[in-house]
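Enquirer: Protein chains in written order, with my numbering: chain A, 214 to 536; chain B, 2 to 253.
These aren't lab readings, by the way, just hints derived from the structure by calculation.
Capping the alpha-carbon separation at 30 Å, the derived lysine-lysine pairs in DSSO-like fashion look like this:
1) A/K470 with B/K83
2) B/K243 with A/K408
3) B/K31 with A/K470
4) A/K445 with B/K243
5) A/K471 with B/K238
6) A/K342 with B/K243
7) A/K471 with B/K195
8) B/K247 with A/K406
9) B/K16 with A/K352
10) B/K16 with A/K348
11) A/K471 with B/K31
The following residues of chain B were derived to be distant from chain A, with all beta-carbon distances above 10 Å:
12) F14
13) K31
14) K50
15) L64
16) S115
17) G135
All C-beta atoms in this analysis are idealised placements derived from N, C-alpha and C, irrespective of residue type, glycine included.
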Amino acid sequence: MVLEIKGLRVRYGVGEVVRGLDLEIAKGECVGLVGESGCGKTTVGLSITRLIPERKGTISSGRILLEGQDLLTLDHESLRKVRGKKVSYVFQEPSSSLNPVFTIYEQLKEALPGRGATDDDAVISDLLKSVGLAKIAGKKNIYPHELSGGMQQRVMIAMAIVPRPDLLVLDEPTTALDVTVQNQILDLIMELKNKIGLSVLFISHDLRTIFRLADRVAVMYAGRIIEEGPRKRIVAQPGHPYTVGLIDSIPSFEHRKKRFDAIEGRAPLFSDLPQGCKFHPRCKFKIDKCVHAEPELEELSDGHVSRCIRAKGLIANGAIKGS
Amino acid sequence: MELLKVVNLKKVFPKTKEPAVNGVDFSILKGEVLGLVGESGCGKSTLAKCMLRLINAQEGNILYKDRDLLKILPKDMHRMRKDLQIIFQDPYTSLDPRMRIGDILEEVFIIHHSFLRGRRKVKVIEILEMVGLGETYLKRLPSELSGGERQRVGIARSLATDPEFIICDEPISSLDISVQAQILNLLMDLQKRKNLTYLFISHDLGVIASICDRVIVMQAGNFVERGLCEDIFRKPKHDYTKNLLKSSSLLS
Chain A
214 MVLEIKGLRV RYGVGEVVRG LDLEIAKGEC VGLVGESGCG KTTVGLSITR
264 LIPERKGTIS SGRILLEGQD LLTLDHESLR KVRGKKVSYV FQEPSSSLNP
314 VFTIYEQLKE ALPGRGATDD DAVISDLLKS VGLAKIAGKK NIYPHELSGG
364 MQQRVMIAMA IVPRPDLLVL DEPTTALDVT VQNQILDLIM ELKNKIGLSV
414 LFISHDLRTI FRLADRVAVM YAGRIIEEGP RKRIVAQPGH PYTVGLIDSI
464 PSFEHRKKRF DAIEGRAPLF SDLPQGCKFH PRCKFKIDKC VHAEPELEEL
514 SDGHVSRCIR AKGLIANGAI KGS
Chain B
2 MELLKVVNLK KVFPKTKEPA VNGVDFSILK GEVLGLVGES GCGKSTLAKC
52 MLRLINAQEG NILYKDRDLL KILPKDMHRM RKDLQIIFQD PYTSLDPRMR
102 IGDILEEVFI IHHSFLRGRR KVKVIEILEM VGLGETYLKR LPSELSGGER
152 QRVGIARSLA TDPEFIICDE PISSLDISVQ AQILNLLMDL QKRKNLTYLF
202 ISHDLGVIAS ICDRVIVMQA GNFVERGLCE DIFRKPKHDY TKNLLKSSSL
252 LS
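Using the sequences and the accompanying hints, generate a full structural model.
Expert: Next up, the structure:
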């Protein structure tokens with residue numbers, strides 16, 4: 214395993230936002246972490262290299278092993294060697310990730326491992342070509358504002374893969390982009406993943422993008438994983454009412470002029486989590502038992518788990534199914 | 002019945018050569034949902050703003066109720082705005098952060114001299130309930146609301162004047178997929194209930210497909226294809242439409 218997260222708990226002022234989370238990513242694997250705003254998915258990504266601001270929250274327990282090394286026990290100096298080198302990030306908004314007063318060239322140069330080498334120019338040109346930016350390869354005077362959002366995101370990806378990281382964390386990398394550009398960026402990530410064997414943690418609220426890219430899917434709700442399994446299996450047969458709701462929310466031509474079977478209400482606040490199954494106030498299938506105790510992850514089939522006590526029954530009688 | 006007709010509308014921004022909207026013609030029928038799809042920068046929002054005179058077009062006519070919106074006096078346009086509304090994309094920047102939700106909505110009535118003071122509060126609550134919120138939201142600030150709730154306030158504000166035509170300018174793009182579905186449901190319900198006419202702008206053909214009757218595909222200031230939703234999706238003719246279609250179907 215490249216990454217193993219074990220029993221991760223993160224506490225913010227409002228309460229515990231990651232409440233005991235396990236996640237593994239194998240070499241060359243892409244794991245999609247999906248959930249609504251405020252479910253804690255970004256916090257999981259940031260926890261890996263301890264990027265959660267101290268004034269905001271702390272990791273209260275758990276272990277995060279990168280190639281066997283526990284990142285949560287490292288001192289700051291050792292962490293610096295991991296951040297942006299062994300683990301690199303691409304965030305949602307490329308325009309706020311790039312520094313507006315430095316050229317693209319200068320910023321890429323800074324990301325190169327052996328800085329100041331004579332062949333920097335050639336390396337940067339090749340790098341830009343590899344992320345589909347041949348147009349600006351060799352041009353040293355381009356500033357971020359001269360590029361479109363999609364091009365800026367390509368630059369961010371270039372910067373992230375330069376150090377050949379063990380793990381690439383992508384946090385909503387395409388959400389701010391147009392559909393056509395989203396596709397191009399997803400294609401690029403796929404291509405890089407296959408070519409250089411990247412391990413990827415892909416975080417998004419959009420199951421469409423997750424289904425496009427991920428080998429394995431983990432669905433997060435109120436700080437915990439509520440369903441996890443191979444993508445193909447979850448597409449064919451989701452195992453949690455929440456996942457079904459996310460799938461049914463995807464707009465498409467087939468859904469034409471019909472009301473969406475949307476998940477009503479909003480995700481619970483961490484300061485005020487419900488008793489029992491955290492999803493029960495919004496769940497169409499809740500029974501009395503759901504209110505009492507939070508379910509454990511239960512295996513539905515090999516490698517496919519769900520945190521719903523009714524999952525097996527609902528699947529058997531066809532109440533929840535893939536689209 | 003034709004509700005609104007746009008003729009040869011043209012908008013060129015200063016210091017640019019290519020027009021943002023390049024002399025487009027179309028009409029919207031009463032009670033339909035017309036989709037306008039295209040990528041960032043294709044001119045779709047500019048077109049929307051020109052239609053409501055939020056920015057000024059250089060050429061063209063916008064015919065509504067036998068009058069040309071581009072030619073009428075500002076005070077007449079002000080009155081027209083009651084019938085012609087818009088919902089903006091970003092509910093974070095389109096609500097005044099210092100105003101309470103109740104005041105944001107009441108302001109609409111004040112601007113349009115709609116009701117006497119005593120009636121306004123009741124009307125505000127009515128409108129809030131129409132969009133699935135309620136009295137408890139009156140005293141809240143936008144910062145206390147989730148993205149979906151804010152967009153509901155945005156919708157409530159546009160409904161407050163009881164319009165017959167609403168431009169929905171990417172009303173769900175900044176929301177979570179699950180909340181998108183809720184808002185689309187709400188927009189569809191309201192459209193049916195009040196027989197509203199929408200111009201629905203989006204870059205996502207999936208969204209367009211789920212709500213629109215007819216579609217116009219826009220690229221670089223021009224309309225490249227238009228037709229019934231079924232035809233555009235089943236038999237797209239223009240390469241650009243095919244490309245858009247490929248992108249959104251790959252995603253789903």
